[in-house]
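Asks: For this one, chain A is given, so just place chain B on it according to the hints.
Protein chains: 2
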Amino acid sequence: MNTKAYAAFNDADPLGPHTIKRRHIHANDVAIDIEYCGVCHSDIHTAKGDWGRPNYPVVPGHEIIGRVKEVGADVTKFKVGDLVGVGCMVESCKECDPCNHGIEQYCENGFTGTYNSKNSKHGGITYGGYSDYIVVEEDFVLNVPENIDVKAAAPLLCAGITTWSPLRHWNVKAGDKVGVIGLGGLGHMGVKFAKAMGAHVVMITTSASKGEDAKQLGADEVLISTDSDQLKAHKNSFDFLLNTIPVKHDVNPYLNLLKLDKTMCLVGAIEPLEAVDGGNLIMKRKNLAGSLIGGIKETQEMLDFCGEHNIVSDIEMIDIQNINTAYERMMKSDVKYRFVIDIKSLNNA
Amino acid sequence: MNTKAYAAFNDADPLGPHTIKRRHIHANDVAIDIEYCGVCHSDIHTAKGDWGRPNYPVVPGHEIIGRVKEVGADVTKFKVGDLVGVGCMVESCKECDPCNHGIEQYCENGFTGTYNSKNSKHGGITYGGYSDYIVVEEDFVLNVPENIDVKAAAPLLCAGITTWSPLRHWNVKAGDKVGVIGLGGLGHMGVKFAKAMGAHVVMITTSASKGEDAKQLGADEVLISTDSDQLKAHKNSFDFLLNTIPVKHDVNPYLNLLKLDKTMCLVGAIEPLEAVDGGNLIMKRKNLAGSLIGGIKETQEMLDFCGEHNIVSDIEMIDIQNINTAYERMMKSDVKYRFVIDIKSLNNA
Numbered sequence: 009m010n011t012k013a014y015a016a017f018n019d020a021d022p023l024g025p026h027t028i029k030r031r032h033i034h035a036n037d038v039a040i041d042i043e044y045c046g047v048c049h050s051d052i053h054t055a056k057g058d059w060g061r062p063n064y065p066v067v068p069g070h071e072i073i074g075r076v077k078e079v080g081a082d083v084t085k086f087k088v089g090d091l092v093g094v095g096c097m098v099e100s101c102k103e104c105d106p107c108n109h110g111i112e113q114y115c116e117n118g119f120t121g122t123y124n125s126k127n128s129k130h131g132g133i134t135y136g137g138y139s140d141y142i143v144v145e146e147d148f149v150l151n152v153p154e155n156i157d158v159k160a161a162a163p164l165l166c167a168g169i170t171t172w173s174p175l176r177h178w179n180v181k182a183g184d185k186v187g188v189i190g191l192g193g194l195g196h197m198g199v200k201f202a203k204a205m206g207a208h209v210v211m212i213t214t215s216a217s218k219g220e221d222a223k224q225l226g227a228d229e230v231l232i233s234t235d236s237d238q239l240k241a242h243k244n245s246f247d248f249l250l251n252t253i254p255v256k257h258d259v260n261p262y263l264n265l266l267k268l269d270k271t272m273c274l275v276g277a278i279e280p281l282e283a284v285d286g287g288n289l290i291m292k293r294k295n296l297a298g299s300l301i302g303g304i305k306e307t308q309e310m311l312d313f314c315g316e317h318n319i320v321s322d323i324e325m326i327d328i329q330n331i332n333t334a335y336e337r338m339m340k341s342d343v344k345y346r347f348v349i350d351i352k353s354l355n356n357a
Numbered sequence: 009m010n011t012k013a014y015a016a017f018n019d020a021d022p023l024g025p026h027t028i029k030r031r032h033i034h035a036n037d038v039a040i041d042i043e044y045c046g047v048c049h050s051d052i053h054t055a056k057g058d059w060g061r062p063n064y065p066v067v068p069g070h071e072i073i074g075r076v077k078e079v080g081a082d083v084t085k086f087k088v089g090d091l092v093g094v095g096c097m098v099e100s101c102k103e104c105d106p107c108n109h110g111i112e113q114y115c116e117n118g119f120t121g122t123y124n125s126k127n128s129k130h131g132g133i134t135y136g137g138y139s140d141y142i143v144v145e146e147d148f149v150l151n152v153p154e155n156i157d158v159k160a161a162a163p164l165l166c167a168g169i170t171t172w173s174p175l176r177h178w179n180v181k182a183g184d185k186v187g188v189i190g191l192g193g194l195g196h197m198g199v200k201f202a203k204a205m206g207a208h209v210v211m212i213t214t215s216a217s218k219g220e221d222a223k224q225l226g227a228d229e230v231l232i233s234t235d236s237d238q239l240k241a242h243k244n245s246f247d248f249l250l251n252t253i254p255v256k257h258d259v260n261p262y263l264n265l266l267k268l269d270k271t272m273c274l275v276g277a278i279e280p281l282e283a284v285d286g287g288n289l290i291m292k293r294k295n296l297a298g299s300l301i302g303g304i305k306e307t308q309e310m311l312d313f314c315g316e317h318n319i320v321s322d323i324e325m326i327d328i329q330n331i332n333t334a335y336e337r338m339m340k341s342d343v344k345y346r347f348v349i350d351i352k353s354l355n356n357a
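Residue numbers (our numbering), protein chains in the order written: chain A, 9 to 357; chain B, 9 to 357.
The shape of chain A in the complex, shown without the other chains (with noise of 0.2 Å):
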């Protein structure tokens, strides 16, 4: 039988229709009818081949929302009709130290991506989200609480956790004051997690509308990057920077609003920065650090904070058929805060 999907067929055309024959349903497997999956921009850099040439054609999506449809003979964690999510992992090697810290995103021999992966496993190219049905190793599938809105799950499973990984990590607490720097798809998740630990939230951006919209999102106070006298009032005087800036930037400004001895984490830009101030981080042993996505247990533990706590993330909900125009728009960072597809549409052909 064969699986619904849209692909990208090289680096200059639009994604368009495409089928996928289903792979084999193994012991250990949970097979997922898709309902939703979300849009995250390295769908877009896979795609386009701005991270090297991929593997096409490429089905994108690794924010999955879906029903357990069936499940191998040795699958004890779900059974059928279950609301599952899966993320930006589909396997590792479970035998490194990582892997058995439970934060297999940094395993030692390199996890399995969702999509445009070797499956060193099952062989062939793993395939994404933008697509009816997926199989998945057990291990990888999350629980979904059935009580948030389910559509707007989708981007808790790789914007949700990559930005609530460092917020625990660095063990972000109740009183502390929390700077989350750029307003998109992370940086909206950061002040909805960051809110609800108990911080005091502070919406840092170039922008005051972003500003505004941040407030309704939970953050306590904005502080607009471009004006020095806001700078000057809040230097050295955050516990914790989430910095979700994508681009090329001076981190600098940013370092000098940090407190003695404290962190800001980079979950967006993975390419070089400006120049660092030696300095910057020497007069109050600060610390410059990043951060990448998050592990299958602690995913499990944000999905499960965000049931308790109703969480979710602001989307745009489009039809398959509209992806291209989607990624257009996200290229000009016009979302308000994540695109989610409904599956549902694939059957509109």
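Everything labelled a hint here was simulated from the structure, so no lab data went into it.
You may find that some hints are simply not true.
Because identical chains cannot be distinguished in the list, a pair is counted as satisfied if it fits within a single copy or across any two copies.
[Claimed, not checked] Computed cross-link-like contacts, DSS-like style, restricted to lysine-lysine with a CA-CA straight-line distance of at most 30 Å: (1) 29 to 85; (2) 256 to 240; (3) 102 to 267; (4) 126 to 243; (5) 267 to 181; (6) 56 to 159; (7) 102 to 29; (8) 352 to 12.
Replies: Just chain B, lined up with the frame of chain A:
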């Protein structure tokens, strides 16, 4: 009564003889007959006005060893004849959070430097260790173990504590693989301390001959940082990197060497670094940090450790009359590894 000293009188001319009126000994003060003073790169930068115009005449020197000559009425920690040291700080507010936690180098109100600083309590400008006498509050005076080579202990007060503090702060322990980047006044102390802490010490240098020198100092291994095969062989393997390079440089090849979750700490480069690759931090949750000298409590711990492990600096003794030649040689990195002034030479008028 007056104190003999050597001072810089402007940014162009060499240092020369100077006379200072001795400051009054207050109840908590310790008066010290200086015997030895190490020569730090900061002395040159300050004397020459590289960091802004100083308060000429400047008497540099913040690696001071001497014996207590006199104590104020309320002094309890020291008695006449004690072997003592003074480092980079002679006062701090003693009220802020960092002061209360024994990290006066991060005093929120700014510590008073041993030279060229406004003396907030007693007025005037502070004068450093290129001199036969100094008066310092007892809280900023250190006990120096009598069993170590006294003259070679002087550089412990700055080069020593600057490397000791980050090694302790980031919990370097027996069995850790620690890289010391750069072999100079700071780097050679980093090698000695990390080795004495039980670490597997790798000297990271561009120079094969410095590598050999580092082995003499206790390094277990040498990594030539211009050799891409060696960099590759050590990728993701270090528990801590102590980066003592004092000038702008590319930190990315070094960040590549760190294990997941580990830190490279800058202690030398207070200027802008070359562009840091964000991905290099994100992909394995690495940290780039900085550290400034060390607090009084940990300086005492370091000196006690040096007494127990018989650790001192490798030095070249000079008479004060040769200070300008020493500066010239330091600017060419021509010293193994610290000049120390024999203060008796001040009498050779």
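Asks: Evaluate each hint against the coordinates.
Replies: A quick look at each hint next to the structure:
1. 29 to 85: So residue 29 and residue 85 pass the 30 Å test inside one copy only (26 Å; across, 81 Å).
2. 256 to 240: both (23 Å within a copy, 26 Å between copies)
3. 102 to 267: This pair counts as between: shortest inter-copy Cα distance 18 Å, intra-copy 38 Å.
4. 126 to 243: Classified as between; 24 Å across copies, 47 Å inside a copy.
5. 267 to 181: both (15 Å within a copy, 27 Å between copies)
6. 56 to 159: within (26 Å within a copy, 65 Å between copies)
7. 102 to 29: within (27 Å within a copy, 71 Å between copies)
8. 352 to 12: within (10 Å within a copy, 88 Å between copies)
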